[in-house]
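The listed protein sequences derive, respectively, from chains A and B. Start counting the first sequence at 1; every next residue gets the next number (my numbering). Start counting the second sequence at 251; every next residue gets the next number (my numbering).
Honestly, the hints are just simulated from the structure, not real lab data. Misleading hints may appear alongside valid ones.
What follows is a set of in silico ranges between Cβ atoms, one per label pair, in the way DEER data are often shown [said to hold, decoys possible]:
id: 1; chain 1: A; residue 1: THR177; chain 2: B; residue 2: TRP361; range: 54 to 62 Å
id: 2; chain 1: B; residue 1: PHE292; chain 2: A; residue 2: LEU147; range: 58 to 66 Å
id: 3; chain 1: B; residue 1: ARG273; chain 2: A; residue 2: LYS161; range: 19 to 27 Å
id: 4; chain 1: B; residue 1: ASN319; chain 2: A; residue 2: GLU114; range: 24 to 32 Å
id: 5; chain 1: B; residue 1: THR268; chain 2: A; residue 2: GLU61; range: 19 to 27 Å
id: 6; chain 1: B; residue 1: VAL303; chain 2: A; residue 2: THR177; range: 37 to 45 Å
id: 7; chain 1: A; residue 1: LYS97; chain 2: B; residue 2: VAL385; range: 32 to 40 Å
Predicted model only: the values in this text are computed from it and were never measured. Ideal placement from N, C-alpha and C gives every residue a C-beta, glycine not left out.
Each chain, written out:
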Amino acid sequence: MTSVAERPAVTPVDAPVSRPVEVKIRRYNPEVSEDVTWVTYTVEAFPTDRVLNLLMKIKGEQDGTLTFRRSCAHGVCGSDAMRINGVNRLACKVLMKDLPDRLTIEPIKGLPVEKDLVVDMEPFFEAYRAVKPFLITGGNEPSKEWLQSQADRDRFDDTTKCILCAACTTSCPVFWTDGSYFGPAAIVNAHRFIFDSRDQGAEERLEILNDREGVWRCRTTFNCTEACPRGIQITKAIAEVKQALLFRRV
Amino acid sequence: MSTTATSRAPAKTKFGGTLYRGREGMWSWVAHRITGVLTFFFLFAHVLDTALVRVSPESYDTVIATYKNPFVNLMEIGLVGAVLYHALNGLRIVAVDFWSRGPRLQRQMLWLIVAVWVLVMVPGAFFMFKHSFEVLFGSK
Numbered sequence: 001m002t003s004v005a006e007r008p009a010v011t012p013v014d015a016p017v018s019r020p021v022e023v024k025i026r027r028y029n030p031e032v033s034e035d036v037t038w039v040t041y042t043v044e045a046f047p048t049d050r051v052l053n054l055l056m057k058i059k060g061e062q063d064g065t066l067t068f069r070r071s072c073a074h075g076v077c078g079s080d081a082m083r084i085n086g087v088n089r090l091a092c093k094v095l096m097k098d099l100p101d102r103l104t105i106e107p108i109k110g111l112p113v114e115k116d117l118v119v120d121m122e123p124f125f126e127a128y129r130a131v132k133p134f135l136i137t138g139g140n141e142p143s144k145e146w147l148q149s150q151a152d153r154d155r156f157d158d159t160t161k162c163i164l165c166a167a168c169t170t171s172c173p174v175f176w177t178d179g180s181y182f183g184p185a186a187i188v189n190a191h192r193f194i195f196d197s198r199d200q201g202a203e204e205r206l207e208i209l210n211d212r213e214g215v216w217r218c219r220t221t222f223n224c225t226e227a228c229p230r231g232i233q234i235t236k237a238i239a240e241v242k243q244a245l246l247f248r249r250v
Numbered sequence: 251m252s253t254t255a256t257s258r259a260p261a262k263t264k265f266g267g268t269l270y271r272g273r274e275g276m277w278s279w280v281a282h283r284i285t286g287v288l289t290f291f292f293l294f295a296h297v298l299d300t301a302l303v304r305v306s307p308e309s310y311d312t313v314i315a316t317y318k319n320p321f322v323n324l325m326e327i328g329l330v331g332a333v334l335y336h337a338l339n340g341l342r343i344v345a346v347d348f349w350s351r352g353p354r355l356q357r358q359m360l361w362l363i364v365a366v367w368v369l370v371m372v373p374g375a376f377f378m379f380k381h382s383f384e385v386l387f388g389s390k
């Protein structure tokens, strides 16, 4: 008795339907004019398109002068953070099926705009470097592998996910008005080492963040946590650094 | 499929752009700031008018008499609302900073304090304004 294996019933899938989307972009080119212009482009968007696809379509087919950063286009490199309909997002991670037919796209706020959606990231990276985001150890070099328990690893797991896209720092109202605030991203990366059992530079970093422009500037608006494309619980991480400073217990 | 509209705006500020569309956390912080500033200005006037009693009790009585009207009564209700929100949200922020589950429950805690605020303010405003209402619309 043989029987033909029953094939699963094939349900016809409708071809994806595109829709016209109005994309309003904040343009700025200091080589041409000091004025900011808002330019609206109309592009066809499939529900599976990401905002980045639309930007590339505009740049490729309509206006080659449109300038924005992007590299991996898969939410890993953190190049294309921008303000989409008022909130910081990675253009490569937002699907058009989740967005309305009108988009407003601006550069991230609080960093000097260089051209269109490109901002000067230097102040951001300066704050990042200031918290010494690298392993600090002292004494003799270990002769064998440096083991760490799962619980110790979990202590800072969340903050290892940062891709330095600046979506959090530029969503922070404190950072907008006070550019010298370290910002959420720098604190997240300090947290990653402060709570690493192998690292010995916690005191040093805590002292840096004890600064007037350090961790105490945080007003817990949760904008950073909402903006993070990696879902890092940033406000929680900042609160943990505050507590470590208050109670000197890492 | 091309440029349809262009509008110009001078690059007055370094950053500019539209309003950031933050969620509950951001707006609770904005309200916290506003209620804080309002309370500060009240305390400023309050310290001054109370200090006046040491200088001249008669002037103090005159100043206090000017407060006895429905408009100032409305401002008093606003003051109670501002102080109450500022106090409740302050407790929420303490919980966010010191309670390990605080950051995760911040939104729920905000709705909780808003509920408490409404529960206190509805009867509170009623009893606070009762006298002014009677003055304005008779019966006293």
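Structure-based check of each hint:
1. THR177(A) x TRP361(B): 54 to 62 Å: Hint violated: Cβ distance 28 Å, outside 54 to 62 Å.
2. PHE292(B) x LEU147(A): 58 to 66 Å: 59 Å Cβ-Cβ, so the 58 to 66 Å window holds.
3. ARG273(B) x LYS161(A): 19 to 27 Å: Once the Cβ atoms are compared, 21 Å apart, the range 19 to 27 Å for LYS161(A) and ARG273(B) holds.
4. ASN319(B) x GLU114(A): 24 to 32 Å: 57 Å, violated
5. THR268(B) x GLU61(A): 19 to 27 Å: Holds, since THR268(B) and GLU61(A) (Cβ atoms, about 26 Å apart) stay within the stated range.
6. VAL303(B) x THR177(A): 37 to 45 Å: 40 Å, holds
7. LYS97(A) x VAL385(B): 32 to 40 Å: The hinted range 32 to 40 Å is violated for LYS97(A) and VAL385(B), with Cβ atoms some 59 Å apart.
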